[in-house]
Amino acid sequence: RKEVEQDPGPFNVPEGATVAFNCTYSNSASQSFFWYRQDCRKEPKLLMSVYSSGNEDGRFTAQLNRASQYISLLIRDSKLSDSATYLCVVSGGSTLGRLYFGRGTQLTVWP
Amino acid sequence: NAGVMQNPRHLVRRRGQEARLRCSPMKGHSHVYWYRQLPEEGLKFMVYLQKENIIDESGMPKERFSAEFPKEGPSILRIQQVVRGDSAAYFCASSRSLGSGNNEQFFGPGTRLTVL
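Protein chains in written order, with this note's numbering: chain B, 6 to 116; chain E, 258 to 373.
No lab work stands behind these hints, which were simulated from the structure alone.
Here the structure is a predicted model, which means the values were calculated and not measured.
Beta carbons: idealized from backbone N, C-alpha and C, even for Gly.
Treat the hints with care, as some may be off.
[Stated by the list, open to error] Once the Cα atoms are required to be at most 20 Å apart in a straight line, the calculated SDA-like pairs of lysine to any residue come out as:
hint	chain 1	residue 1	chain 2	residue 2
1	B	Lys50	E	Asn264
2	B	Lys47	E	Phe322
3	E	Lys284	E	Ser344
4	B	Lys50	E	Val269
5	B	Lys47	E	Gln337
6	B	Lys47	E	Pro296
7	B	Lys7	E	Met317
8	B	Lys47	E	Gly285
9	E	Lys301	B	Asn17
10	B	Lys50	E	Met317
11	E	Lys301	B	Asp82
[Unchecked claim] Partial list, computed: chain E residues near chain B (C-beta under 10 Å):
hint	residue
12	Pro318
13	Pro366
14	Arg369
15	Thr371
[As the list claims (entries may be wrong)] Here chain E is said to cover these stretches of chain B; the calculated rule only asks that three of the stretch's residues, wherever they fall, bring their Cβ under 8 Å from a Cβ of chain E:
hint	segment
16	58-71
17	104-116
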């Protein structure tokens, strides 16, 4: 079983739409959770950390459900510049330091 | 404040040659991580280093691959006798510390290795 599972998409949405991505992780001892975005052939860039209480950064809202081992990312009022691959990332447990990446969910926002 | 730097950005090698990939962490960061991304795949952890110490190399192939992070200078990922299957993007990341469990890592632009 993979450490982190994501729906690969692709998601194709119009500008202004709201889109949600989901992710599950297998290691209940995981301690840190993140969403990264990766543009084509570029490096992953940290979008936001995810906290147990849920957190918001502008149009982006992340939620964590430890009981279900489930992480989500909500993007409101999508922009063309949001087009990218969104990576669900988990860290911690017995392998402190290393990050476990999902394969990513591809988002295309069209005008 | 420069981000994580990697060089070269692109590297072409013939089968059997050696590849050396370099990574300089962000200023103030003492933890370095190497990841590999195969075409159409997710990123996979390879090795985690601090200055002069390998902390976790469980993701690195046992043969032909080695990594170091000397007291002075960049971290080096070395691949000996490269094969076509080594063709991938190799990303380096750095973090300040593991702190209270948070582990925000910042990535360099990557080195794209092509083995002919």
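For each hint, the structure was consulted:
1. Restraint check for lysine 50/B and asparagine 264/E: the C-alpha separation of about 18 Å stays at or below 20 Å, so the hint holds.
2. A distance of roughly 24 Å separates the Cα atoms of lysine 47/B and phenylalanine 322/E; the hinted pair therefore is violated under the 20 Å criterion.
3. Distance restraint check for lysine 284/E and serine 344/E: the Cα-Cα separation of roughly 29 Å exceeds the 20 Å cut-off, and the hinted pair is therefore not satisfied.
4. For the proposed pair lysine 50/B and valine 269/E, the alpha carbon gap of about 26 Å is over 20 Å, so the pair is violated.
5. The straight-line distance between the Cα atoms of lysine 47/B and glutamine 337/E is roughly 25 Å, outside the 20 Å bound, and the hint therefore fails.
6. About 13 Å separates the Cα atoms of lysine 47/B and proline 296/E, which keeps this hinted pair within 20 Å; it holds.
7. Proposed proximity of lysine 7/B and methionine 317/E is supported: the alpha carbons are some 18 Å apart, at most 20 Å.
8. The straight-line distance between the Cα atoms of lysine 47/B and glycine 285/E is roughly 24 Å, outside the 20 Å bound, and the hint therefore fails.
9. Of the supplied pair hints, the one linking lysine 301/E and asparagine 17/B is violated, its CA atoms being roughly 27 Å apart against a limit of 20 Å.
10. About 23 Å separates the Cα atoms of lysine 50/B and methionine 317/E, which puts this hinted pair outside 20 Å; it is violated.
11. A hinted pair counts as satisfied when its Cα atoms are at most 20 Å apart, and lysine 301/E with aspartate 82/B does not qualify at roughly 32 Å.
12. Because the beta carbon of proline 318/E sits about 16 Å from the nearest beta carbon in chain B, more than 10 Å, this interface hint is broken.
13. Hint status for proline 366/E relative to chain B: holds, with the closest Cβ pair at about 5 Å, below 10 Å.
14. Given hint, arginine 369/E at the interface with chain B, holds; its Cβ is 8 Å from that chain's nearest Cβ, closer than 10 Å.
15. Residue-level restraint check for threonine 371/E is violated (minimum Cβ-Cβ distance to chain B is 13 Å; threshold 10 Å).
16. Given a C-beta distance limit of less than 8 Å, the hint that chain E covers the segment 58-71 of chain B is violated, as 0 residues qualify and 3 are needed.
17. Under a criterion of three residues with beta carbons nearer than 8 Å to beta carbons of chain E, the stated coverage of the segment 104-116 of chain B is upheld, 6 such residues being counted.
Checked against the numbered hints listed earlier, the structure breaks hints 2, 3, 4, 5, 8, 9, 10, 11, 12, 15 and 16; every other hint is satisfied.
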